[in-house]
Amino acid sequence: MISDGMAEVLRLLQLDVGFDAAAEVAARAAETLGVDGLTVSLATGGDRAELMWCTDQAAGRFEDVQLTLGEGPGPEAARTGAMVLVPDLAQVRPERWPALNGETSGLDVRAVFCFPMGIGAIRVGVLTVVRRTVGPLTDGQVGDAQVLAHALTGRALGSVVAGLDGTVPADSADTLLHAVVHQATGMVSVQLDVPLSQALLRLRAHAYSSGRPLTDISRDVVARRLRLDHNGNDNGNGNPLPVSDKD
Amino acid sequence: MAREQEITKVFVEVADSLIDDFDLIDFLQQLSERCVELLDVAACGVLLADEHDVLQVLAASDEDTRLLELFALQHDQGPCVDCYRSGLPRTSINLEDPNAQQAWPQFAPAARQSGFVSTNAIPMRLRRKVIGALGLFQTSGRPLSDADATLAQALADVATIAILQQRTLAHSETERSQLQYALTSRIVLEQVKGILAERWQVTTDEAFVAFRAYARAHHHQLSHLARLIADGAFDTEQIPRPPQHR
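Line order of the protein sequences matches chains Z and F.
To convert, note that position 54 of the first sequence is 54 in this note's numbering; the numbers rise steadily by one, no gaps.
To convert, note that position 137 of the second sequence is 137 in this note's numbering; the numbers rise steadily by one, no gaps.
Everything labelled a hint here was simulated from the structure, so no lab data went into it.
Heads up, a few of these hints could be off.
Listed next, with one range per pair, are the computed distances between beta-carbon atoms [as the list claims (entries may be wrong)]:
| hint | chain 1 | residue 1 | chain 2 | residue 2 | range |
| --- | --- | --- | --- | --- | --- |
| 1 | F | 4 | Z | 4 | 46 to 56 Å |
| 2 | F | 153 | Z | 1 | 48 to 58 Å |
| 3 | Z | 138 | F | 150 | 43 to 53 Å |
| 4 | F | 219 | Z | 68 | 33 to 43 Å |
| 5 | F | 201 | Z | 213 | 23 to 33 Å |
| 6 | Z | 79 | F | 150 | 36 to 46 Å |
| 7 | Z | 27 | F | 232 | 37 to 47 Å |
We put the CB at the ideal spot given by N, CA and C, even for glycine.
Isolated chain Z (complex conformation) (with noise of 0.2 Å):
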């Protein structure tokens, strides 16, 4: 159950355009979980990352030195594919992340939250939540924040999709229950030599162009009655779609 709040902020961030015009969604979101600061990176291939949303100057710091480093509780969330909560950072044994340590003392963060936004071994990026205070996130919160991150994950994955008329693509969070739609997404990876996670934005694609389900087009490409080209296309019908070379 998502709080009136987190409703509105979904909203809100189906009518945006991109995440570039989005501090005020950002803002709004952070509000709503009751943190200090929200950050929002992006996985841009291998492993680097891109911050993309934050509403904090101490949360970017944070996420900086994270991104720099390579190891934190964003990295750990984004390798594990499984939030990690800290609710009070003085009382993580230093073993756990010896260098984040020494290089974070300095900043206003005491609690933080990462949620990692993906779909299984496909990794979008982090949604994380700071707080200059120590103590846990409600349950509400961190549901709140789940379902956040997995908004995130749908507008980064199917970006490329929308962008052609500014709708978003038909497929729901639902269609992602379907062991179908991941094993098309393994196949299609293969087919096109590509990472997972443009193989799933082929196949959204494909559904999209042709007005059928993801579901549909995953049984289709599963029992190999369809093999998408490398534009994207079934047999080479139908217009090319741009998609971008970002992992």
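We have chain Z; now place chain F onto it with these hints.
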């Protein structure tokens, strides 16, 4: 094997899981297989709620994609959803009953088409909170006995304990983080089935069988090996290929 011995075996496996570094998906899959051996049921699935309160399949007694899809259909309708929402078991539901067909217009006919006659849903509880459900399908119309219902609940509790005590995460903080790790692992496994199926030109089900045989023979955790393969950090040529059909 006598039923008592079978049950003992399950609890030995559970105890092992507490001691050893174990793989959650593999464990739950074996637990699902045990359910089929111990209870008068033909198929079993472990469903866990995600952050949207939507049930996701973590493991099933048979990795056949059709069975997985049948469990996936229960994300918004079916006895498992009802059980998850109410926290109460739903046993011996006749899938041919017009009421069932009406209540679950997609799920009930799909289950019938797969050859199932009745179904049961057992809640997976963590203290007062329900985190998922165990789904049990039967090919006979016999109602689940009281003894079976009790044992099914015990097995559902074991599944819950297993999910929450996995130490795959180097430093686990919270139960929710454990649940999320389990759900992510499941998706990685499906992506890897697709990768291997395409590399080997076999079906995803055949790819999984070969993958699991290799993982078990070499004492790899399924989820860990799947993550390595998805990241391109494991040479899949090491895994014996299943025979091709094409």
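Going down the list of hints, with the structure as the test:
{"no.": "1", "hint": "4/F with 4/Z: 46 to 56 Å", "result": "holds, 53 Å"}
{"no.": "2", "hint": "153/F with 1/Z: 48 to 58 Å", "result": "violated, 26 Å"}
{"no.": "3", "hint": "138/Z with 150/F: 43 to 53 Å", "result": "violated, 36 Å"}
{"no.": "4", "hint": "219/F with 68/Z: 33 to 43 Å", "result": "holds, 36 Å"}
{"no.": "5", "hint": "201/F with 213/Z: 23 to 33 Å", "result": "holds, 26 Å"}
{"no.": "6", "hint": "79/Z with 150/F: 36 to 46 Å", "result": "holds, 41 Å"}
{"no.": "7", "hint": "27/Z with 232/F: 37 to 47 Å", "result": "holds, 38 Å"}
Of the numbered hints stated above, those contradicted by the structure are hints 2, 3, listed in ascending order.
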